[in-house]
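**Q** Taking the hints into account, I'd like the entire structure generated from these sequences.
Residue numbers (the numbering used here), protein chains in the order written: chain B, 1 to 145; chain S, 1001 to 1145; chain H, 2001 to 2145; chain G, 3001 to 3145.
Treat the hints as calculated values from the structure; they're not laboratory data.
Model, not experiment: these values are computed from the prediction.
Worth double-checking, as some hints may not be accurate.
Unchecked claim - Only part of the chain H face toward chain B is listed, based on derived beta-carbon distances under 8 Å:
(1) L2062
(2) Q2137
(3) E2138
What the hints assert, rightly or not - When the alpha-carbon atoms are kept at most 20 Å apart in a straight line, the in silico EDC-like pairs for lysine to aspartate or glutamate are as follows:
(4) S:K1103 / H:D2119
(5) H:K2103 / S:E1112
(6) H:K2103 / S:E1045
(7) B:K70 / H:E2045
(8) B:K125 / B:E138
(9) S:K1103 / H:E2045
(10) S:K1070 / G:E3046
(11) H:K2070 / B:E46
(12) G:K3070 / S:D1119
(13) B:K103 / G:E3045
(14) S:K1070 / G:E3013
(15) G:K3070 / S:E1112
(16) H:K2070 / B:E112
(17) B:K70 / H:D2119
(18) B:K103 / G:E3013
(19) G:K3103 / B:E46
(20) H:K2055 / H:E2131
(21) B:K103 / G:E3046
(22) S:K1103 / S:E1045
(23) H:K2070 / B:D119
(24) B:K70 / H:E2130
Ideal placement from N, C-alpha and C gives every residue a C-beta, glycine not left out.
Number of protein chains: 4
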Amino acid sequence: MQDLLKDYPSVVEIPVAWGEMDAFQHVNNVVYIRYFETGRVAYFEELNLMGYMEKTGIGPILGSISCRYKAPVTYPDTVSVGVKIAKIESDRLIVHHRVVSHKLQRVAAEGEGVVVIFDYRHNKKAAVPEEIKHRIQEMEGARQA
Amino acid sequence: MQDLLKDYPSVVEIPVAWGEMDAFQHVNNVVYIRYFETGRVAYFEELNLMGYMEKTGIGPILGSISCRYKAPVTYPDTVSVGVKIAKIESDRLIVHHRVVSHKLQRVAAEGEGVVVIFDYRHNKKAAVPEEIKHRIQEMEGARQA
Amino acid sequence: MQDLLKDYPSVVEIPVAWGEMDAFQHVNNVVYIRYFETGRVAYFEELNLMGYMEKTGIGPILGSISCRYKAPVTYPDTVSVGVKIAKIESDRLIVHHRVVSHKLQRVAAEGEGVVVIFDYRHNKKAAVPEEIKHRIQEMEGARQA
Amino acid sequence: MQDLLKDYPSVVEIPVAWGEMDAFQHVNNVVYIRYFETGRVAYFEELNLMGYMEKTGIGPILGSISCRYKAPVTYPDTVSVGVKIAKIESDRLIVHHRVVSHKLQRVAAEGEGVVVIFDYRHNKKAAVPEEIKHRIQEMEGARQA
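**A** Given below as structure tokens:
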């Protein structure tokens, strides 16, 4: 399972909630998007992106998300959610998410998000701050060391 | 069905979401608490409690909630959520919620919440503002007219 | 607003729940995926796809979903969720979803899902049943009449 | 913190999801009811109540739930959810739930549920099975040893 997440510098573990299974008896499709978000926010915490936002008014906004469902997850299980930033563009980050089931020992879902950098004070897109860019490069580089 | 909600001055309709059924094939117990909240907030909108809060820093905080489950709801269905304020105490409101299933034509759940009035600026409980008290009396009285 | 949904043969209305806004004070990104699902299931009801599944064991499974966020929705509001089936492939349906905010009078989100037709009894993909294909063509054709 | 949960034979840890905070910037009241459920189902797993249900058709149904909110939880945090069965009545279990915040080192919420034992095959209440009663006594006794 380690192998499935070795390219992901940030990984969080989430226990599957019984109540998040739907009438088809497996975790509802919507819940994976929540798993993605939880993983993504944990990565942003490591970048101190939320702290940066409070100081400057410049922060993330989700532009789009996609998810490919690979294997149904059922309770009881725990998932590991890996997140990596695959690309830094001028005003946005391309973020990869991967959900791995501990019980199945395989990828349950994966998907890509586009996170736009937004200047909430001036209400327009902003460049990815240099400070954040460097932290991302450290995070992503660390993984390859 | 009208009869089941005739004592409730505020009623909202919510379509049941298929994805909110759980592995037991009926709406998950947690969702009823969301129905209660949605009904309660609609009542508070009619009191302009949120507007009052923005102006004064004095607003509602949920102290406790209870729910008795009476009949399982299944998709497809629509529920009507009735809310009434059963009692105004010095620093709190006693709120009754009732969820009625259109398909079953009966009460699916009901419960009581205690909403404490809180002064967010001074971080302590506050008296129920006179202005709000009068609006509640109008709402609750209107129903009896 | 009618214009924004004129290509969508199935449209459902959903009131926005206050409690589904997140700490950024607008409806959380995950909730739009639930809106998509609710709209999609309503379309499937019109196809009697769930009834077909009970009879034959052949039913839908979500292969992937995507969502582009266009405008943030806030409480109070109501959204209309339009769904159309843009393409019928041998063993899958390409489904378009569009969420329109009544308050903003514009598209809040849209996205595409791939729904695979699955034979749950034999645990493998199946062809889109002719019966279902005809109903889809009726639904989609009706819109153009 | 250990002390706060020493009377609870079953405890699960759940990381707080950022997206489950609401517009008031703390975990939405509804989410605590999900925490309760997750803790309760974990206890039932230890009783093998779900296995018993598959074999006999006799299983749990939630009759009522209550929650007192004591301290607001915010992301990032982890909660421990303790569950104990306070009383075994002829056809029901009285279940206590307690949610402890790791960050606050105090009780964030607690509440009581009534779980009715239901014979799903004959569609009526049933006595708490002896087998289950003994397992509960072991669980609850173990804690006192």
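**Q** Hint by hint, work out which the structure violates, then give me just those numbers in ascending order.
**A** Those not satisfied are hints 2, 3, 4, 5, 7, 8, 10, 11, 14, 22 and 24.
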